[in-house]
Every structure is written in structure tokens, then in C-alpha cells.
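Peer 1: Whenever a hint applies, use it, and build me the whole structure from the sequences.
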Amino acid sequence: MVQNYSLVLHDAGLESGRVPIRDRLLAGTVALLWGLNFLATDFGLRQFPPLLMIVLRFAVLAVPTVLFVPRPRVRWRWLIGYGLGFGTAQYAFLYIAMRDGMPAGLASVVLQSSAPFTVLIAAAFLRERLSRTQVAGIVIAVAGLAALVCYRAQVAAAVPVLLTVCGGLGWAVGNVCNRQARPDSPLRLTLWMSVVPPVPMLLLSLLVEGPAAARHALSGINSPTGWTALAALGYIVLPATVLGAGIWTNLLRRHPAAVVAPFSLLIPVIGIAAAWLVLHQRPAVFELCASAVVILGVLLGSRGNRIPTIRPPELAPPTPAVQGTTPRARR
Numbered sequence: 048m049v050q051n052y053s054l055v056l057h058d059a060g061l062e063s064g065r066v067p068i069r070d071r072l073l074a075g076t077v078a079l080l081w082g083l084n085f086l087a088t089d090f091g092l093r094q095f096p097p098l099l100m101i102v103l104r105f106a107v108l109a110v111p112t113v114l115f116v117p118r119p120r121v122r123w124r125w126l127i128g129y130g131l132g133f134g135t136a137q138y139a140f141l142y143i144a145m146r147d148g149m150p151a152g153l154a155s156v157v158l159q160s161s162a163p164f165t166v167l168i169a170a171a172f173l174r175e176r177l178s179r180t181q182v183a184g185i186v187i188a189v190a191g192l193a194a195l196v197c198y199r200a201q202v203a204a205a206v207p208v209l210l211t212v213c214g215g216l217g218w219a220v221g222n223v224c225n226r227q228a229r230p231d232s233p234l235r236l237t238l239w240m241s242v243v244p245p246v247p248m249l250l251l252s253l254l255v256e257g258p259a260a261a262r263h264a265l266s267g268i269n270s271p272t273g274w275t276a277l278a279a280l281g282y283i284v285l286p287a288t289v290l291g292a293g294i295w296t297n298l299l300r301r302h303p304a305a306v307v308a309p310f311s312l313l314i315p316v317i318g319i320a321a322a323w324l325v326l327h328q329r330p331a332v333f334e335l336c337a338s339a340v341v342i343l344g345v346l347l348g349s350r351g352n353r354i355p356t357i358r359p360p361e362l363a364p365p366t367p368a369v370q371g372t373t374p375r376a377r378r
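Each residue of the sequence shown is one higher than the one before, starting from 48 at the first, in our numbering.
Check the hints yourself; a few may be wrong.
As the list claims (entries may be wrong) - What follows is a set of in silico ranges between Cβ atoms, one per label pair, in the way DEER data are often shown:
no., residue 1, residue 2, range
1, Ala320, Arg120, 39 to 49 Å
2, Arg93, Trp323, 11 to 21 Å
3, Pro303, Arg179, 39 to 49 Å
4, Thr272, Gly148, 27 to 37 Å
5, Arg69, Cys197, 36 to 46 Å
6, Arg329, Val206, 16 to 26 Å
7, Pro303, Thr272, 39 to 49 Å
8, Asp147, Ile294, 44 to 54 Å
9, Leu265, Arg176, 43 to 53 Å
10, Arg120, Leu253, 15 to 25 Å
Rather than coming from a laboratory, the hints here were simulated on the basis of the structure. Every residue gets a Cβ at the ideal spot worked out from N, C-alpha and C, and that includes glycine.
Peer 2: Spelled out as C-alpha cells, the structure:
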């Protein structure tokens, strides 16, 4: 029994507290897919208005989801809250910020503010206790974000940074609703979340951007910029969302969240590098230093209480029988 238990722990990668190399590569692949997602968003926004792009992004997933994917067994309020926070608020603020001049690489850093926001919301509404390490991490992350806002206010504009922070807050609200939903299938919850954003985003797009902007964007789809935007939209929907979420969900099922989550800190590194190489968005030295402070704060703020080491149960030694006697049968 002990031997079998140890084999189970070894297969799950938990006995030594290490993640197998295969799963590390998978986690790194997800970070790569999600880091390049900011690059694809930049190309998509060159053709589509921000709110319309959100409609197209989630409508492509929503239609087949409603037709072919069973709804997860969760309460509607958590499903809608997840969709409004993660799918609607996050991307509305993020896309508008990037349209108004937020660099793709810097956006990948500032959006990590969702981690300390998630911890604070969980502490305020779910009564979860904060450790000293988490409090220190939140303070450090906020200091790094404040430094970025002040610097951007001097050299460009601070509003896009603040809008991206609001996107991180929306992501945090979605995280809490996702956690409260406790779905039987996290992947099905992610797919059904895509059903929520299209309708409110379509109404906002018509009211804010206007029908003329949508007609202009769709009429110019047969152009080099339009084809690039369609390719970017396809990347956002399939590799970044479906494939990335599927791999990530599978990793979270097999390993503790505290082991898998730190790999997400590779996302801003990849986002900054990709924006630097492809879009020639070279961040200033101060922005790189402030971004490192934010990532450090996110890493500390995301660490919960130490999980006790899992040990195999010890078998009690057999009680020696007295010679010449036999155990009584249980009545």
C-alpha cells in the first residue's frame, strides 16, 4: 500500500515537490502563447475597434459552445460574473488602453495587477486571511505600478496605464467568480464564459463606436491589414484561448496551483521581448526596472500559506498474537 501511494505521488510530481520536465515545457508553452497574445491584439486593433474586436473574439467561441458543449453545473450568477469580469471588463479596458497608446509589452506587465487584486477581493469578500508575505507583495506591486503611472505621465500618458490596471481588476473579479463557481469542468466553464461578453459588448460597440466604425472595419477586411487582423483574431481564439486554457487547466488538475501559477510570470517577459523585436517598442530602463518590481510583488502576493508536505500513511505494525489463542470473531 505504501509503495503504491508513493508511486502515485511520484507520477503526479508531488513527492519531491517538483514539476516533471514535460509539464514544465507545457507550462512554458502556455506562457509563450499568452505572451504573444498581446502582440496579436496589437495587430487586431489596427483593423477593428476595441469593443467590436471583443464581440468577434468571443462570438467565434460562443456559437459552437452553445451548440455542442454541455453547460457546466454551476450557478448562473458565478458564470455571468466570470464572463463580465474576465471576458468583458478585462478586455474592454485592455483593448481601449492599447488603442490609446499602451505598448503591448508594458500592457502584459501591468495586467499582472490582477494577482494582488484577486488576493484583496478574496480577503474582503471571502474572508480569506492574508499572510505577511502576501501583504508585502501587494505593497511592492502597487509601488511598481505607481512608478509606472508617474513615469508614463511624464513621457506619454498615464490614462492607458490606469485603464490597463482597471482591466486587471476585471480579471480579478472574474477569478473570484471562477473560484466560487467550483465547476465540475473548468474547461467547459471557460468556454461557456465566452457566451456572456458578445451581447453587452455589441450594444456598447454600437453606442460608443457607432455602426459606421463597424461597417468600415468589416468592409476593409479584404486588405493586407484586414487579413493580418483576421490571422491575429484566429490566433487569439484558437491557440491562445482554447489550446492555452486547455493545457493550463490540465496542469492545474495534476499539480497544486502554487506550483503552476509562477510560470505565468513568464508572460510579461515574453510580451516585452516580442513587442521589442516585432513592434520595435523599446521600453525605457526605468520601465523595465518598475516592471521587475511589479513582477516581484505579484510573485510574493500570489504566495499563500505553506502547504504541508504530503507523506504516505504509515502502516501500524501487526499486533503479535498470543501463542495458543485465536482472535475472537467480531459480532
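Peer 1: Given the hint of 15 to 25 Å, check if Arg120 and Leu253 actually sit that far apart at their C-beta atoms.
Peer 2: violated (34 Å)
Peer 1: I want to verify a distance hint. Is the separation of the beta carbons of Arg93 and Trp323 within 11 to 21 Å?
Peer 2: With Cβ atoms ~18 Å apart, the hint holds.
Peer 1: Verify the CB-CB distance for Ala320 and Arg120 against the hinted window 39 to 49 Å.
Peer 2: holds (41 Å)
Peer 1: Confirm or reject the claim that Arg329 and Val206 have a C-beta distance inside 16 to 26 Å.
Peer 2: Hint holds: Cβ distance 22 Å, inside 16 to 26 Å.
Peer 1: 43 to 53 Å was suggested as the range; check whether the CB atoms of Leu265 and Arg176 agree with it.
Peer 2: holds (51 Å)
Peer 1: Measuring from beta carbon to beta carbon, are Thr272 and Gly148 in 27 to 37 Å?
Peer 2: Violated, at about 19 Å.
Peer 1: Please test the hint of 36 to 46 Å on the beta carbon pair from Arg69 and Cys197.
Peer 2: holds (43 Å)
Peer 1: Given the hint of 44 to 54 Å, is the C-beta distance from Asp147 to Ile294 inside that range or not?
Peer 2: The hint (44 to 54 Å, Cβ to Cβ) is violated, given that Asp147 and Ile294 are roughly 32 Å apart.
Peer 1: Given the hint of 39 to 49 Å, is the C-beta distance from Pro303 to Arg179 inside that range or not?
Peer 2: violated (21 Å)
Peer 1: Do the beta carbons of Pro303 and Thr272 sit within 39 to 49 Å of each other?
Peer 2: Taking Cβ atoms as reference, Pro303 and Thr272 lie about 44 Å apart, which means the hint holds.
When held up to the earlier numbered hints, the structure conflicts with 3, 4, 8, 10 and fits the remainder.
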